[in-house]
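Here's the letter readout for the chains.
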Amino acid sequence: MDAILFYAFAAIAVLAAVVVIAQRNPIYSAFALVVTLCSLAVIFGLLGSPFIAALQVIVYAGAIMVLFLFVLMLLNVRREEEHPEARGGRTLAGIGLALVTLLVLQAGSVLVRSERSPSLEFDASTTRMAEVLFSPHFLYAFEATSILILAALVGAVVLAKKEL
Amino acid sequence: MDQPAFVPHAVLLSLILFSIGTLGVFLRRNVITVLMCIELMLNGVNLAFVAFSRSWGTLDGQVLVFFVMVVAAAEASVGLAIVIALHRHKDTLDLDAFDLMKG
Amino acid sequence: MIDDPLLKVLPFGVLLLPLAGFVVLALFGDWIRRDKEETGAGILACSTALVSFGLAAWSTWRLQGLVATEAGLRFFRPYLGFEWMEAGSFRVAYSLLVDPLSCVMMLVVTGVGSLIHIYSLGYMAHDEDKVRFFSYLNLFTFFMLLLVLAGNLPLMFVGWEGVGLCSYLLIGFWYRKESASAAGLKAFVVNRVGDAGLILGMVFMFYAFGTLDLVDIADNAGSLAPEALWEFGPATIACLLLFVGATGKSAQIPLHVWLPDAMEGPTPVSALIHAATMVTAGVYMVARLGPLYHVSETAMATVAVVGAATALMAATIALVQTDIKRVLAYSTVSQLGYMFLACGVGAFGVGVFHLYTHAFFKALLFLGSGSVIHAMSGEQDMREMGGLRTKIPWTYWTFLVGTLAIAGIPFFAGFFSKDEILAATLSHPVLFGIGLFTALLTAFYMARLLFLTFFGDFRGGHEREHHLHESPWVMIVPLVLLAVGSAVGGFLKIPHIVEPVFRLEEGHLPHAAWLPRVATLTAVFGIVAAFYLYLTRPEVRAVLARPFRPALRVFAAKYYWDEVYDAFVRRVVVGGSERVLWKGVDVSVIDGAVNGVGTVTGAFAQLLRPLQTGLVRHYVLLVLGGAVALLGWILWS
Amino acid sequence: MTPSPMVAELSIAVVNILLVIGALLGLFSLMTWVERRTLAFMQYRLGPNRVGPMGILQPVADGIKLFFKEEVMPAAADKWAFLAAPVVAVSTALLTTAVIPYGPPFSLPGWALLPEWLRGRSVQIQIADIQVGLLWIFAITALGVYGVVLAGWAANSKYSLLGGLRSSAQMFSYELALTLSWIGLIMAAGSFRINDIVAHQAGWFWHWNAFAQLPAFLVYSLAATAEVARIPFDLPEGESELVAGFHTEYSSMRFALIQMAEYINMITVSVLAANLFLGGWHPGVPGVPETLRGFPLGFVWWGLKVGFVLFVFIWLRGTLPRFRYDQLMHFGWKVLIPVAAVWVMVFAAWTALRGV
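Which chain is which? The protein sequence lines are A, B, C and D, in order.
The first sequence begins at 1 in our numbering and counts up by one.
The second sequence begins at 1001 in our numbering and counts up by one.
The third sequence begins at 2001 in our numbering and counts up by one.
The fourth sequence begins at 3001 in our numbering and counts up by one.
Same shape as in the complex, but just chain A (with noise of 0.2 Å):
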């Protein structure tokens, strides 16, 4: 069941990926990705991680995607052009990312067939989460990403205000 379920979402975040950058619509490309975000966070959920699966589509599909769509409406983006003059560079550049790609798989490959420890107790209920995510370990960053995200707010507003 989980298995059917995992293999069926994959391929829609894979086949939505394809669409992202395939479109020329930033529109279509954003929704794309709204729903390849929203398979992954089905993806995460089955592999027992409900928290960052909530987390996924909390931030990523319903924040950060609404951030992009907003400013595609907002400067009312449309089609990309076409430029026909970087055709040849950009064939190039797809025949050396798809080397690379192999390269990559290989590298996926060998991590896949890498040991792991054999079926350890896993729990990644919230209030294990929380356990790790506040523990001494982690809190300074935790602490730190609150800093980071002041820091950034701050700064958007700066950057994209017309006059201060």
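If you're looking for bench data, these hints aren't it; they were derived computationally from the structure.
Possibly wrong hints are sitting among the right ones.
A few chain D positions that, by computed beta-carbon distances, are all more than 10 Å from chain A [unchecked claim]:
| id | residue |
| --- | --- |
| 1 | Ile3012 |
| 2 | Ala3013 |
| 3 | Ile3017 |
| 4 | Leu3018 |
| 5 | Leu3165 |
| 6 | Phe3299 |
| 7 | Ile3314 |
| 8 | Trp3315 |
| 9 | His3330 |
Derived contacts from chain A toward chain D, CB cut-off under 7 Å, selection only [to be verified]:
| id | residue |
| --- | --- |
| 10 | Ile58 |
| 11 | Val66 |
| 12 | Met73 |
| 13 | Ala160 |
Being a predicted model, the structure only gives us computed values, none of them experimental.
Glycine included, every Cβ here is placed at the ideal spot set by N, Cα and C.
For chain A, the structure is supplied; the task is to place chains B, C and D on it using the hints.
Then chains B, C and D, alone, in the frame of chain A:
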């Protein structure tokens, strides 16, 4: 609890998503699309983290995902603010139009 | 170690109150300045100083109680709870040290300091910038307390530098006067020379002993092997280097030249910084490290010889000065020499004792001279004064007490401490001779000062005579209190109190029954001679001076120290810098290196420039290429 | 025959889904009528009273009318997005309802009509009782913005676009306050599960979060009203400025779908208010029996609370004027969110000090 057999394939999926994202960064000229592709790459990485976390039975990977998300949120907000500022200056979103730093 | 929660907090209160005063004055100065009189500044500064004194007295009383209940050496280390610096075994904590010695110093600093704060209320009443003045005074009090309370050398060094800074600021307080600015600079620069020695000493100490904690140093000094004369072991080198710092701060040969010039500052500053507290920092440090100095015979000899020489030299210069504050300044140098002399012969407690009595009577004398100057509307030349006895009686009587105290007339404070110093030097005839002779000179020049100022007829003209007036009560009260201190302060047996700090066996000081009598006679002789030469038969002076004319010329020229330094600095330092360092090293080596780096970088940049296309995509490509290369390397290596 | 546990669970879930969605659809139609009638009474009118007894069949008539109306799509619209938007809106609205419990857990009666394995089985009307229930709701409400954004953008009309921008800005501004108001409850109950939070409020009524965490409740009430864009926060469809906001260009059944999504959202926040703040199915007085002749009384209490909240929504609509847009944003960011954040801190400090 035995881990599902598809966990290694989640790693593969993450690599595929990452590659697609990278490809998008190179193919697309629209700044916003490029930013979205970067989000896609980050998500690939996140998936890898979660999968590793699952396969090693520790939560550190998930915590990292949490941090990645925070950073991604910050990056997206600042990045989009920059995009708006750029658009105001040049009235275009073509990535190739921004080459002020040319040496 | 004893544990007393109150003592953990009180010293920090003592220390930080003046700092708080300074901070408030510095931050809210403009707010206080809205009141034209700026009364708030003085009140704030005085109250912080007074409360600080109260807390200091309380701490001392607590410590006293603890010492009474438990026998043996007692000290206390309040600790702020965290480190200032920590690197390997080098550890500097924010810790203080409270023991009898620092208690005495703390009381002197806050007690005399408070009185001088109050005195300043009157003295600076007509000044335009009271906020600045009082904020500096408070800052100085803080740094001085930090200096005497610090639990380790680096922290003490902070206080040391801080008081130097405040000294500079206060000497040059009237910065519109060029001589004041110059004097401030001189004090600062000369002190830097000494401070360099102090830093080197600290570095060497850490290298040699591995600790800079004052208690550790004192505890471990006993286990060091004694170092004989001309034997330059670690203790000797460290002590000598530190002593360079002490000569700078405490105005000893050869770094004494700044102190007389420092009289350019306001008189309360001269009293507080350049008589009672800051200049005694060197003595305090030597006494604080007494156990270490005791190990090295060379260092002790150096301290004693420098002290004796300074005492004698400064006293002779004081004989011929005509500026009332300069006489007192050279007198201070001389008395500081006395203190070092005491330390040098191993009587650290006596040195501290003299420091303590000196704080009273020298502060009194400076404040008295300030009152005189105040009465004379700024005139400092004694030749313009005379007969002030009846015009400013309060000042006169308190000044008289101070003079008697410094001259060593029995039962005044100075008598006891000077007597003990002389007693301590009994085993060294030469030093004893110098000490006794200096005592004679001291009595003489102080009596001269007294007679020229307060006796005879007024020489300043009618116009000025008309304006003579006694100072306001805020200036009189501190004078009276200090006079009381100068009169009875000697009955407190400071040496006995601070003796445990030095970890030395309570050696019975040699004491000859004839000594007090001889010392008294010397003092009386000096006063009588001055009385004879300056009041009854002034014409004899010229006759008597004739054979000593060359010597007197040298005295008047202050032994040509300034000229020698001037020549040295001009010739060697400035000339050498210009010819060798600037035209040689700087132009060819340093500029060459800088320009060379620039040229090479530029050339490389020219090579790399095409890479900088300005297009993000190309950068991403490079990053990706690098990542892929790394990945490949990891996979197939 | 007893089915395997998995099949049993699945079939119960399917029944639950049908039940919930059916009930919601029914309630949606009913609500349109209730709202119109109540408003009419408040304004000294009669309201729809012709179709059926007291006009109760009016929604059916409306449905039939909308069904037969012509569907218009603007020529410049983005076709796919235009079609997808209502679907997204309704799906997200329905998805939210999946994790909410509707009424207390109860034992099925032993009627012979039921298959044997169902008799006396303890069930609850809740599609999925998941561990991160509140997070789920938060996540799906966050997705709810897409329906609005998509609808606004796809029509290629300035009213739609502006309405869509306004709506989405309002929705995620108030979402923050909404979520912050929950943090205190989560801390108190120590769980994201809605059932746990309801259980935490058992006993006397002052244990209800509405009283125990009054600031959070106030924040929630205001933020929820804004979140579902009801008066006085119905700026996105301020007809005097924007015609009808993001759904200006929609007509016929698609309009009905969007309308339905909005009503479902309103019902959802009402049910949540009852569950999270008003003690759910607890009567608020200890000692009241749980069942009356086998009928779980919890449903009665619960139904009363939900009905009350729904009524308040209508009441507000009949009473209050509309905010101005800048006032709305000002209120959300500078009043509600700080209040909620401060309350979270206060409550956290109190919890920590109490040593729980």
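Please settle this one: alanine 3013 of chain D was flagged as non-interface, so is its CB more than 10 Å from every CB on chain A? holds, 13 Å
Classify the label on isoleucine 3314 of chain D as holds or violated, using whether its beta-carbon is more than 10 Å from each beta-carbon of chain A. holds, 29 Å
Assertion that isoleucine 3017 of chain D lies outside the chain A interface [Cβ separation over 10 Å]: holds, 17 Å
Check on isoleucine 3012 of chain D being off the interface with chain A, judged by Cβ distance over 10 Å: holds, 17 Å
Any Cβ of chain A at or closer than 10 Å to phenylalanine 3299 of chain D, or is the non-interface label fine? holds, 29 Å
Hint check: is the beta carbon of methionine 73 of chain A less than 7 Å from a beta carbon of chain D? holds, 6 Å
Should the hint that alanine 160 of chain A touches chain D count as held when the rule is a Cβ pair under 7 Å? It is violated, given that the least Cβ distance between alanine 160 of chain A and chain D is near 14 Å, above 7 Å.
Status of leucine 3018 of chain D, Cβ more than 10 Å from any chain A Cβ: holds, 21 Å
Is it the case that tryptophan 3315 of chain D keeps its Cβ farther than 10 Å from each residue Cβ in chain A? Label holds. Min Cβ-Cβ 31 Å, cutoff 10 Å.
Are valine 66 of chain A and chain D close enough, Cβ to Cβ, to be under 7 Å, as the hint says? holds, 5 Å
Per the stated criterion, does the least C-beta distance between leucine 3165 of chain D and chain A lie above 10 Å, as a non-interface residue requires? violated, 6 Å
Say whether it holds or is violated: histidine 3330 of chain D keeps its Cβ farther than 10 Å from all Cβ of chain A. Correct as stated: the minimum Cβ-Cβ distance to chain A is 16 Å, above 10 Å.
The structure is inconsistent with the numbered hints 5, 13, although it conforms to all the rest.
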